[in-house]
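Student: Spelled out from the first residue to the last, the chains are:
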Amino acid sequence: MLEIKHTLCPSCSVGCGINVVLNDGEIVGTFPYKRHPVNAGKNCLNGRNSIDCYKNKFEDVDVDSLIGDVSKALNSASDVTVICSGNNTIEEIEAIKEFADSKGYKIGFYADNLKNYEEVASYEDIENAEKVFVIGDLLYENPLIGRRIVHAKQNGAKIFAFVNSEASVTFNIADECFNDSVGEFLDAVGNNIDESSVLVFNQIDAAEDLDKIDALNCKVLPVFSKSNSKGALGILEPKSKEEMFELLDNTDVLLVFNDDIADELEFDFSKISKIFSFAPCADETTEISEIVVPIKTWLEKDGSFVNAMGETQNFNAAIESDALSVIEVIEKLNG
Amino acid sequence: MVLNLRYTVQKKPNYEVILMSDELKIVGLLCNWCCYGGADTAGTARMQYPPNVRIIRVMCSGRITPSMIFKAFQEGADGVFVGGCHIGDCHYDAGNYKWSRRSKIVEDILEEFGIERERFRHEWISASEGEKFKTTMEEFHKTLSKLGPLELK
Amino acid sequence: MSYVLAKSQNDDIHKAGECGGAVTSILKYLLDEGIVDGVLAISPCDDVYDGVPTFVTNSEDLMKTAGSYHCAPTMIGDLVQKYLFDKKVAVTAKPCDMRAIEELIIRHKIDKDNIYVIGLNCGGTVPPVAGRKMIDLFYEANPDDVVSEEIDKGQFIIELADGSEEAVKIHDLEKEGYGRRTNCQRCDVKIPRKANIACGNWGAEDGWTFIEINDEKGQELIDGAKKAGILETKSPADPAIEGRKKVEGIMIKMAKKIQDKMYPTVNEIDDWNRCISCYACRDVCPICWCYENCELNKSFFKDEQNIPPSPIAFQGVRLSHMSFSCVDCGQCDDVCPMDIPVSLIFDKLQKKYFDRTGYVAGVSDGTKPPLYSPEKTEL
Chain C
1 MLEIKHTLCP SCSVGCGINV VLNDGEIVGT FPYKRHPVNA GKNCLNGRNS
51 IDCYKNKFED VDVDSLIGDV SKALNSASDV TVICSGNNTI EEIEAIKEFA
101 DSKGYKIGFY ADNLKNYEEV ASYEDIENAE KVFVIGDLLY ENPLIGRRIV
151 HAKQNGAKIF AFVNSEASVT FNIADECFND SVGEFLDAVG NNIDESSVLV
201 FNQIDAAEDL DKIDALNCKV LPVFSKSNSK GALGILEPKS KEEMFELLDN
251 TDVLLVFNDD IADELEFDFS KISKIFSFAP CADETTEISE IVVPIKTWLE
301 KDGSFVNAMG ETQNFNAAIE SDALSVIEVI EKLNG
Chain H
1 MVLNLRYTVQ KKPNYEVILM SDELKIVGLL CNWCCYGGAD TAGTARMQYP
51 PNVRIIRVMC SGRITPSMIF KAFQEGADGV FVGGCHIGDC HYDAGNYKWS
101 RRSKIVEDIL EEFGIERERF RHEWISASEG EKFKTTMEEF HKTLSKLGPL
151 ELK
Chain Y
1 MSYVLAKSQN DDIHKAGECG GAVTSILKYL LDEGIVDGVL AISPCDDVYD
51 GVPTFVTNSE DLMKTAGSYH CAPTMIGDLV QKYLFDKKVA VTAKPCDMRA
101 IEELIIRHKI DKDNIYVIGL NCGGTVPPVA GRKMIDLFYE ANPDDVVSEE
151 IDKGQFIIEL ADGSEEAVKI HDLEKEGYGR RTNCQRCDVK IPRKANIACG
201 NWGAEDGWTF IEINDEKGQE LIDGAKKAGI LETKSPADPA IEGRKKVEGI
251 MIKMAKKIQD KMYPTVNEID DWNRCISCYA CRDVCPICWC YENCELNKSF
301 FKDEQNIPPS PIAFQGVRLS HMSFSCVDCG QCDDVCPMDI PVSLIFDKLQ
351 KKYFDRTGYV AGVSDGTKPP LYSPEKTEL
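Protein chains in written order, with the numbering used here: chain C, 1 to 335; chain H, 1 to 153; chain Y, 1 to 379.
Calculated directly from the structure, the hints in this document are not laboratory data.
Any given hint could be a false lead.
FRET-style restraints, in silico, Cβ to Cβ [stated by the list, open to error]:
{"no.": "1", "chain 1": "Y", "residue 1": "Asp162", "chain 2": "C", "residue 2": "Asn334", "range": "50 to 58 angstroms"}
{"no.": "2", "chain 1": "C", "residue 1": "Ser196", "chain 2": "Y", "residue 2": "Asn267", "range": "31 to 39 angstroms"}
{"no.": "3", "chain 1": "Y", "residue 1": "Asp86", "chain 2": "C", "residue 2": "Asn316", "range": "25 to 33 angstroms"}
{"no.": "4", "chain 1": "C", "residue 1": "Asn56", "chain 2": "H", "residue 2": "Tyr92", "range": "38 to 46 angstroms"}
{"no.": "5", "chain 1": "Y", "residue 1": "Thr367", "chain 2": "H", "residue 2": "Ala45", "range": "41 to 49 angstroms"}
{"no.": "6", "chain 1": "H", "residue 1": "Gly76", "chain 2": "Y", "residue 2": "Asp270", "range": "17 to 25 angstroms"}
Virtual Cβ for every residue (Gly too), placed ideally from N, Cα, C.
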């Protein structure tokens, strides 16, 4: 039986819609979701590949005994850190925070070195801006925001871009390009930035860059690498890379909720005595984990994400599953 | 398929044209049974023709796909030449008919990407036609010299 | 080939369906008699702008597919090919869907004996997101209040919940960059004559569907549905047939005019410089079916270092593979994250191929495009 269902793309914080194709109860492919206001049916390669997580998900195991083992280990542990990320839904993040707070665990939340902004530019603001300042290869890394930058250019805007490498599509559409450092870029273009400008960025070099951005009087739009980082920022305090390293240095037991932290941070995780992972499919972090508890993939869960421009988007499970959600895992951990 | 198109100038005296435009790169895809033989004949008879052509031998012109031509242009060829057997002489009966149909598509596509039609040429040359191979190469080289090096968009 | 006017004998269907409700009735007949395992048709999911291909196996669920949706630029050819090839199915198909199905039949990816195609005449589709913006800008209506839309006599007409209608000339909308998708604007195949039957309202009286019966299987469909008591037919009068022909003629003439304007712009396309090599255009293309065996996946074409890729080594290769079979469905435009007008060059190349060979993708008779012919002929 063929079925097409709406869902949200989990591969970055843009919040694109995507349809998944179900055939005989299995997810077999994606289909454009042309009605979705964010992306009008356009999805990048990451988005279309995001169903691979479902295809490669862990097989069913005796979850209860695994969670029992984790609980036992936690009982006698000190210096426990919980890693939470934008891969989790709002509801899950709230549950994780409550869990960590009640147990007195520290929370490690990393959002690409970026921070929360109360007010951010909307995607339409980019299209209507007179000048767009871009930090990072947005066209390649977040193509559906990149598309808005292209629209801005077509509407007559001037594009200024900073990208690490010179050969990039973002450079190709930019009027002025910089590639030395974010700080120098901001210094160089700072005088040009006014209220009709929008600054879009998905990376910075150092914390000082954030201060420089704060000093600008234009709309800003940080774009994160995870679907719900913006939502998580509303609940948790983000840590910079250095702060994360410091936290990990003082960690004895690490609980990772659906985050490939080992891939993201260059840290010697062998210094941590125990790592427990709650993840839907294998990644670098599950490789180094002592116990891996399989949880629902994004296609199997309901919830809400907040996209980069601060809009809350709800989505329903595309497919039923017996796997536990993060919330159910936490209930079990609480006993 | 990796084509090394970095060209080192061979010493060929008395060939003014070459000295003027020896940077031109021509890729020649030649059918084993006819045109490759034609090139051989030209060589054996010590006929002089522009050395800019890098020959790739294929078993039949019918084996050549448009992608090969495009790949050659992408890798830096300024012109691509395809040589096959005369119509009716194909070693595999109808390979050259197939190629001839395909070649039209190649022409149509090249044009749309701003690559001049003249940069792509194909000709039927038999193994005995060393002279024809030589003159074709000279003509092609002359055409390309006029067009200059290809600048891809 | 013959013409009939048809009307559903089922009141609910007649009310819910477009014109005479013939399409839904025929689908119901096919399901009820067990002639097909299922029906693939478009139904609105969230609202009228959200047409989603829906597979129906129970005729009671058919009602949700009744009616026509102009803001649903979907493609069903590849769905049939990928997921329904082993089933007996009936599908509703716009001309581009039908052309894609025909090209896939030629490629032995769809079994002609397994599929009934109910063709739908089509004047073009409107992209949903831009369509809503258009209604917001050019109509005095809230896009959310629209319950149905229609394209008639050169106008895009919306109907609101209170029964009132508003119309704006398509020409005016398209001048402003809205209206139909650009590939629809230049599409010159308005009636899917490769389908078993082609249905529509052109030339039809109010409350009737005008059907062109294209082959024996189509005739059997009509006869069967009549015998089952779900369809009523009558012969159209000559002026009706003439009227329909006129509508088609005008549309094609308009399309050709737009073609003449659009095709010369292909050489000026400089949008390739923002291609991010995401392969969305290839993956969505109903004609491309090699998947992981695609030549572009081969190591010598896979060029991850080079983004944007050289157009000749990316689109050029795709063009050489299938441009002669391009059915101008515009899916590649729709899914390109960078808004590159991909379909234009493919469509232009198919037209060039037509000039050389007379082959129209998905329309011409014959077993294969001439490029694949074993004949000893030159072009």
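Student: Quick one: which hint numbers does this structure break? Sort them smallest to largest.
Tutor: As far as the earlier hints go, not one is violated by this structure.
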